[in-house]
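Participant: Generate the whole structure from the sequences, applying the supplied hints.
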Amino acid sequence: MVDLLLFCALLSAGAAAILLSAGGREPMRSHREEAESFLSATLFSAADGVGYSFMGYRKDLSGKIWAELISEAVFLCSEGKETGKLLLENLRPALGRHMAAISGNFNALMRIECPESGFSLRVGEEGEELAASASVTLTVPQSPELKVRVVVELWWR
Amino acid sequence: MVEVREEGFIPMSTAGIFLLALAMCLAAHLAWSSHERRMLDLRMSEMERLSWEVAVTRARIGETLRWIGGQALLQISMRAELHHPDVEESAGAVASVHLLGELPKLNSETVRVGNPVLPPVVRFERCGEFTSVYAYFPSGLEISARSRDNSIEIRETVWDVETTLRVRFFLLENLMDNFARRLKSRVFEIYRDSLYLKAWAEAWGTGAVRLDGKTDETVFRLSWCLFEREVFGSSDWFGIVGSDLPPDLSGIPGREIGELRRNFAGVLERMSSARRSLEMADGGPACLELLRSAAEDLMKAENLLHAALRAGESGGVEAKIIGNLRSSRGEGIPSKAEQLMAGLSGVRSGILTAERMVEEGDAENAKEIVGSLLRETEPRRVRVEIPVDGTRLTETVEVYVENRSPPSLPAVQKLLEGIISDLEKLLPPSPQIPSVPEPGPAVMPAPRESVYRAFPPRPGGPPFVSVYHALEIGSIRYSREDPAGLLGGSLATPVYLPFIDTIVWWGMWSVRVELDWAVEEAFDYPNQVLLQETSFGHLHSSLSYRWSFGRETFDVRVTVFYLEPFWFSTA
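One line per chain: the protein sequences are C and L, in this order. What the first sequence shows, in this note's numbering, is residues 571 to 727, in sequence order. What the second sequence shows, in this note's numbering, is residues 165 to 735, in sequence order.
There may be inaccurate statements among the hints.
Calculated Cβ distances over 10 Å to all of chain C for the following chain L residues [as the list claims (entries may be wrong)]: (1) 212; (2) 217; (3) 250; (4) 334; (5) 561; (6) 674; (7) 681.
Once the Cα atoms are required to be at most 27 Å apart in a straight line, the calculated DSSO-like pairs of lysine-lysine come out as [said to hold, decoys possible]: (8) C/717 x L/269; (9) C/651 x C/717; (10) L/531 x L/464; (11) L/531 x L/578; (12) C/651 x L/531; (13) L/464 x L/578.
Since the hints were made in silico from the structure, they are not lab data. Backbone N, C-alpha and C fix where the C-beta goes; we use that ideal spot for every residue, glycine too.
Facilitator: Below is the structure:
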């Protein structure tokens with residue numbers, strides 16, 4: 571009888587060990603790749619509906635690449651130029667619209683920061699739970715000492 | 165009665181232990197494979213991240229190239245006449261130098277952009293109506309990304325990068341080429357027709373032809389505008405009233421030295437390319453091809469040198485520098501410009517001789533000639549005395565190329581490097597793209613050209629190119645050519661026609677318009693996307709293509725006949 575009980579106990583222990591080592595379920599796949607592809611698609615695609623009016627003269631910048639516009643906006647703002655402020659006023663909603671159009675099931679939030687010039691801009695909105703994030707550093711060709719860090723966060727709605 | 169066996173061949177507990185051991189082994193294997201799988205996932209994930217970073221870096225190179233390309237076009241197009249017909253090639257050379265300088269700035273904590281052994285070749289090409297910028301790295305450009313723990317590293321070699329600029333450079337270039345090519349004949353025709361119309365109308369209408377410089381100057385300006393309209397589809401009508409303020413030459417004097425340096429650097433680049441080809445021409449099967457390539461490079465270098473030396477014709481700082489290069493430092497000492505021209509021409513003749521020998525199968529002699537062309541030679545040092553303020557200063561002049569000296573490519577290169585180095589000393593300490601002057605006060609009035617550069621006027625119609633021009637008319641001179649006029653009379657010459665028994669009054673005179681200088685500029689109005697420094701600060705504006713014309717003379721002869729007498733009046 572004791573022998574039978576011992577047998578059963580050992581068998582159970584073995585089965586438990588196998589089950590534990592096999593793992594209950596596959597780990598959840600990260601959404602980082604989605605965030606990276608979202609960031610690339612946002613930054614390196616052609617802008618639409620961006621421009622500004624200066625001294626009553628309209629400057630239409632549609633067709634420029636978003637990354638280029640962002641670095642130009644940072645440069646102009648860091649130099650304290652009026653055109654920087656004007657561009658930024660228009661860039662923010664246009665970029666927000668662009669992000670909303672390509673973010674799918676997520677809420678997208680983009681943070682653009684340039685520590686050297688103190689420039690900071692938030693575009694988009696957060697959601698309930700952070701799904702993934704990705705970042706990239708852009709250079710500002712007009713002013714090589716400036717570096718712009720662009721972080722994108724994808725949030726579950 | 166059946167007998168029941170109570171014992172198996174091993175005890176149950178032993179079987180249990182055996183099964184437990186088996187289960188533990190299986191569990192251990194599963195745990196290990198799970199660990200391996202997770203590690204693989206992590207590695208894959210890290211590799212994907214690094215690949216993404218490399219891809220982003222590549223995209224950033226494209227962005228940098230786009231900016232550099234735009235600035236190079238802006239810079240070179242400002243003095244298009246100096247770079248014609250290789251405007252895009254000159255812009256490519258400028259962009260290449262700057263791209264090389266910008267690449268290290270793309271390095272980050274995890275990504276490293278290598279230094280290419282050979283400079284990139286940047287070309288501008290037509291891409292639909294826009295312009296594509298294409299950078300080719302002959303030796304490849306390595307981008308490497310490394311994980312933070314250095315466990316994974318991926319490398320990618322980039323051979324070329326292409327990006328599109330939303331500017332219609334080639335359209336502007338073509339239109340301006342047309343304008344410059346046909347200017348003399350077409351403005352002459354329009355002006356002549358206008359003068360005829362005016363003169364006949366005056367003679368037949370009022371009986372008095374006015375030889376008025378002011379009016380005829382306006383007619384000339386109007387002719388210019390009409391020709392502008394023919395070529396560009398729009399005109400700078402404000403130009404008729406003359407340039408109220410001087411044209412915007414700000415920036416140009418400041419850039420002159422830099423431009424001159426770049427022109428000479430372009431020559432040096434061609435010479436270096438020729439030298440590389442010569443060094444590889446070791447008599448092998450590719451020898452002939454390499455010699456031809458070297459000769460072609462030197463031909464281009466000569467053309468570029470001619471263009472660079474022509475820069476002095478437009479006056480200003482350039483003229484002084486070029487004048488200095490053209491002047492001899494003493495008797496029997498060739499000027500630097502002469503040395504450069506003679507040196508280049510001598511080396512090219514040597515290459516052509518070597519080429520002929522290779523074609524005739526005499527590779528050994530050809531190799532010897534090539535060797536002599538690559539031989540380093542020491543310059544001859546001559547002491548000369550220069551009179552300065554009544555005293556005489558002694559200076560040592562180095563002569564690299566003389567009539568009797570054998571042609572040597574390194575000698576010509578050294579001479580040119582010296583000139584470039586001298587020019588660099590004249591430049592501001594840290595030139596950057598765009599090499600623009602300090603921003604002027606953003607207040608009106610600004611020269612009209614500056615205003616147009618920031619805010620190009622709306623064009624008249626297709627191809628939607630705005631234009632600006634400024635003309636400096638030195639003088640307008642008249643000379644009567646009919647007999648009465650030659651004798652100083654103000655009346656036209658009467659001519660009796662016996663076969664119809666009528667007197668016809670004949671007036672003939674010539675008008676000479678002397679144009680001191682002129683500037684024509686075309687703006688790509690619909691694409692105001694290039695960030696640039698203007699009189700109104702930094703703002704986005706269009707690419708402009710500017711052409712300066714030197715002194716020109718327009719001679720028009722006008723003849724008028726009328727049955728009634730008519731007079732000439734001068735204002």
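Participant: Could you tell me which of the numbered hints above are not met by this structure, giving the numbers in increasing order?
Facilitator: 1, 2 and 12
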